[in-house]
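Asks: What follows is the residue order along each chain.
Number of protein chains: 2
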Amino acid sequence: MSLLVTGSIGLDRVETPFGVREDAIGGSAIYFSYVASFFTPVRLVGVVGEDCPKTLLDVFHGRPVDISGLEIRKGSKTFRWHGSYVQDMNAAQTLKTDLNVLAERPAAIPPAFLDSQYVFLANTHPVLQQQTLGMLKSPKLVVADTMNLWIQAERAELTKLLGKIHGLVLNDAEARMLTEKKNLISAARDVLKLGPKFVVVKKGEHGSLLVTDRDVFTLPAYPAEKVIDPTGAGDSFAGGMMGYLATQNCLSPATIKRALAFGTVVASYTIADFSLGALKNLTREQIDDRYQEFKGAMSF
Amino acid sequence: MSLLVTGSIGLDRVETPFGVREDAIGGSAIYFSYVASFFTPVRLVGVVGEDCPKTLLDVFHGRPVDISGLEIRKGSKTFRWHGSYVQDMNAAQTLKTDLNVLAERPAAIPPAFLDSQYVFLANTHPVLQQQTLGMLKSPKLVVADTMNLWIQAERAELTKLLGKIHGLVLNDAEARMLTEKKNLISAARDVLKLGPKFVVVKKGEHGSLLVTDRDVFTLPAYPAEKVIDPTGAGDSFAGGMMGYLATQNCLSPATIKRALAFGTVVASYTIADFSLGALKNLTREQIDDRYQEFKGAMSF
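Sequences listed follow chains A and B, in order.
Every number in the numbering used here is 399 more than the matching position in the first sequence, counting from 1.
Every number in the numbering used here is 399 more than the matching position in the second sequence, counting from 1.
All clues stand as given, with none of them false.
If several chains are the same, the list does not tell them apart, and a pair holds so long as it fits within one copy or across any two.
Within a straight-line C-alpha distance of at most 30 angstroms, the following computed DSSO-like cross-link-like pairs (lysine-lysine) qualify:
| hint | residue 1 | residue 2 |
| --- | --- | --- |
| 1 | Lys495 | Lys679 |
| 2 | Lys625 | Lys656 |
| 3 | Lys581 | Lys679 |
| 4 | Lys536 | Lys559 |
| 5 | Lys596 | Lys694 |
| 6 | Lys539 | Lys596 |
| 7 | Lys625 | Lys580 |
| 8 | Lys625 | Lys694 |
| 9 | Lys596 | Lys625 |
| 10 | Lys694 | Lys656 |
| 11 | Lys581 | Lys495 |
| 12 | Lys679 | Lys453 |
| 13 | Lys592 | Lys559 |
Rather than coming from a laboratory, the hints here were simulated on the basis of the structure.
Same shape as in the complex, but just chain A:
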């Protein structure tokens, strides 16, 4: 089924104990789309400035990612993020953010994308997330991400958004900030009261947590020994999760669990190299093999 993602596209400067990368292609929509495209065709909506290298347009070459919603805006500059994992591989330290074109109007959604059934609203201003959502005809599953900035500065709009979506994906610190609950299950239950049918809490190297009205499902991260650059792990997780869900005509707890496991597995590839490096030669078969291996290693 059609999977739409709107989110950031950026040029990253990333420092980890294993080196530094300049002008690396990044942003939530990039990681999400690349990973989700192993499962299903993806419709990407996003905007960059005219400074963005041509190679950006080539990144999805050979992959089923429809980039007709990718706007290259004249006179604008691409979003840039400078982060470091030198102190802590599990938490990015943001050294600099230049919103640039992300502070302007969002990219338009191509008319051909308006019938999208599966929608991922990657982290951006909750008013924009609501606007995007308002334009879609009859989405079947809408999942959003958010961040500390909106929780603090735009709580009212974020709360409105939560009343309109099926699932929320956020990290542990954000879940605690949003609900002022320290226990993540309690925090997730509080989020459910605001509207979503399920909440996925991403805990980085500690895995993830799925909470619904009836269920709590906890999943460790894939035990990765090779961690070079964690950038994009959360967006890859979401991409794997939504990509898998878009292939299933079912939103049962068991299906969502499997989706989380696929998200976990693909994220384990993303972090094995800088930027999209480890994804470029990845195949769906490798993902499925590691999924089976993970499933086996988890069973007792």
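On the provided structure of chain A, position chain B as indicated by the hints.
Replies: Below, chain B without anything else, positioned relative to chain A:
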């Protein structure tokens, strides 16, 4: 099969966001024994001072814990620990430690205990751990715990101990300190080079990790919403793990995995109340039910 534990017995003052408990019975050997006794008879070796309340002797009433190795030493004072989880429920802040009787000679091992097959050397000076081990006739499985203090101050003796045991249980910070590796799997692999056949890394609310020559097994914590006092969670985990192993005439990877899962489940009870409060009315049937529930919640 016979399971022997040597470790600390103490009186704790514990502060958590849910209250304060004074003179609560605690210590590694207490939690370990209580929990392990749901699986198999336990032989406890430890020492307290004459200030220890009589109620201590009653704590194992009705449980298959042989306390003939429990020495009440005249003229000595019981070990005391004062810790707080007010800042962080996942990491105890030690406010005060009075070693008292633990700084003296260890308790003697009763002759009837010397044929013990399963042995847990809870955290203490690695020279004492080696002495205890040296007295045992032919233990089948020896697992030890340790702590930052010995890693820093007694590395040579700890390394000697590691050459003599089958398994090591330690927490994430200790694994990193011992090996100077940040990645926990790499850290565990380095520990394996020192002798043990398996290493279990306890990650508190983030679960545990089992690493052997051939296998990496990762397990989340039981998704506990009620966390009142985390004291003893790690020792309970070890107690459940060793208690289960002592009932199995097998040390296959699959058996050890199940043992970790039982350890995870019993620890989830321990943390639901102060001291041994949540364990007092616990039954093996409840443990088995939660084990099945956990297993189900983990499968995808």
